[in-house]
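The primary structure of each chain is shown beneath.
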Amino acid sequence: MYKRMKLEGIVRIPPDQMGNPLEEAVELALRNKYEAVVDKTLGTIVAVLSADRIGEGRILAGDGAVYYDVDFEAVVFKPEMQEIIEGEVVEIVKFGAFLSMGPFDGLLHVSQITNEYISYDEKNARLVSKESNKALGEGEKVRARVIAVSLNEKEPRESKIGLTMRQTGLGKLDWLDAVQKAESKSAEAEAK
Amino acid sequence: MKGEKYTRYERARIVGARALQIFMGAPVFIDTVSMDPLEIALEEMKLGVIPITVKRAIAKR
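First to last, the sequence lines map onto chains A and B.
Just so we're aligned: 0 in numbering that gives the first Met the number 0 is position 1 of the first sequence, and the numbers increase by one with no gaps anywhere.
Just so we're aligned: 39 in numbering that gives the first Met the number 0 is position 40 of the second sequence, and the numbers increase by one with no gaps anywhere.
Read the hints as simulated data drawn from the structure, not as lab findings.
Honestly, I wouldn't trust all of these hints.
As the list claims (entries may be wrong) - Which chain B residues face chain A? A few, computed with CB under 10 angstroms, are given here:
#: 1; residue: I13
#: 2; residue: G15
#: 3; residue: R17
#: 4; residue: A18
#: 5; residue: Q20
#: 6; residue: F22
#: 7; residue: G24
#: 8; residue: P26
#: 9; residue: K54
Unchecked claim - In silico SDA-like links for lysine to any residue, alpha-carbon gap of 25 angstroms or less:
#: 10; chain 1: B; residue 1: K4; chain 2: A; residue 2: L59
#: 11; chain 1: A; residue 1: K2; chain 2: A; residue 2: T163
#: 12; chain 1: B; residue 1: K59; chain 2: A; residue 2: L59
#: 13; chain 1: B; residue 1: K54; chain 2: A; residue 2: I53
#: 14; chain 1: A; residue 1: K77; chain 2: A; residue 2: E154
#: 15; chain 1: B; residue 1: K54; chain 2: A; residue 2: R11
#: 16; chain 1: B; residue 1: K4; chain 2: A; residue 2: E55
#: 17; chain 1: B; residue 1: K54; chain 2: A; residue 2: L59
#: 18; chain 1: B; residue 1: K4; chain 2: B; residue 2: D30
#: 19; chain 1: B; residue 1: K45; chain 2: A; residue 2: D62
#: 20; chain 1: B; residue 1: K54; chain 2: A; residue 2: R57
#: 21; chain 1: B; residue 1: K45; chain 2: A; residue 2: M17
#: 22; chain 1: B; residue 1: K54; chain 2: A; residue 2: G61
#: 23; chain 1: A; residue 1: K32; chain 2: B; residue 2: P26
#: 24; chain 1: B; residue 1: K45; chain 2: A; residue 2: D15
#: 25; chain 1: B; residue 1: K54; chain 2: A; residue 2: G56
#: 26; chain 1: A; residue 1: K180; chain 2: A; residue 2: E87
#: 27; chain 1: B; residue 1: K54; chain 2: A; residue 2: G54
#: 28; chain 1: B; residue 1: K54; chain 2: A; residue 2: G18
#: 29; chain 1: B; residue 1: K45; chain 2: A; residue 2: R57
#: 30; chain 1: B; residue 1: K4; chain 2: A; residue 2: R57
#: 31; chain 1: A; residue 1: K140; chain 2: A; residue 2: V45
#: 32; chain 1: A; residue 1: K32; chain 2: B; residue 2: M23
#: 33; chain 1: B; residue 1: K54; chain 2: A; residue 2: D70
#: 34; chain 1: B; residue 1: K54; chain 2: A; residue 2: M17
#: 35; chain 1: B; residue 1: K4; chain 2: A; residue 2: I58
#: 36; chain 1: B; residue 1: K54; chain 2: A; residue 2: L21
#: 37; chain 1: A; residue 1: K32; chain 2: B; residue 2: L19
#: 38; chain 1: B; residue 1: K45; chain 2: A; residue 2: I58
#: 39; chain 1: A; residue 1: K5; chain 2: A; residue 2: R52
Every residue, glycine too, gets a C-beta built ideally from N, C-alpha and C.
Extracted from the complex, chain A is given alone in its bound form (with noise of 0.2 angstroms):
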């Protein structure tokens, strides 16, 4: 989920920025510092928006830049356990496929499609189920649930989330649109 945060951090300005404005610098030094950040409990900091207040600067001892206490606005991703996401299928693999939802890729495992075997094909990258003939292949658009969570502060792109479709509601749109579709005629059978 995508939240509006305001969040306090310390910000170096070095000295060949102190010809500029402050606060261009501030949101600068925000900007380099802390976005693409990976934290635990915050998530992934996507956007640094604006620097509400801007403290008093302080000079360390043996460096010449000034340091700031700033409260700013931020925009953050976190991927929640249980959250409904869609997305894109960005790549599939012998054993899943990789769902892009914004910041973070997640990772759909072959067993976590449908409730039938799948099969991988691996000249038109795709997977395959047995009985229905549903297909996923890569650019297809999926709803999925977040039941896995594991972020690296250190290697945000070793950051893991896993997903699943195997709950009614879930999957690929088309076969949902397909479900939907059904349960109407059915429904209009039943009141003839």
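Using the hints provided, position chain B relative to the given structure of chain A.
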């Protein structure tokens, strides 16, 4: 304090910090022929244009 704004220790700290800033590329506030950051900082100190103040801890009794 005898009309002095800073103690000699504070002056040394301010001039030192300011000289380091100038050395690291901070803009200089005065017109000067000097090229040495420490000399520039000392000159600025004399003119009182350095935007650095001292926060004094007040001793507890």
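(request) If any of the earlier hints don't hold here, list their numbers in rising order. (result) Violated: none.
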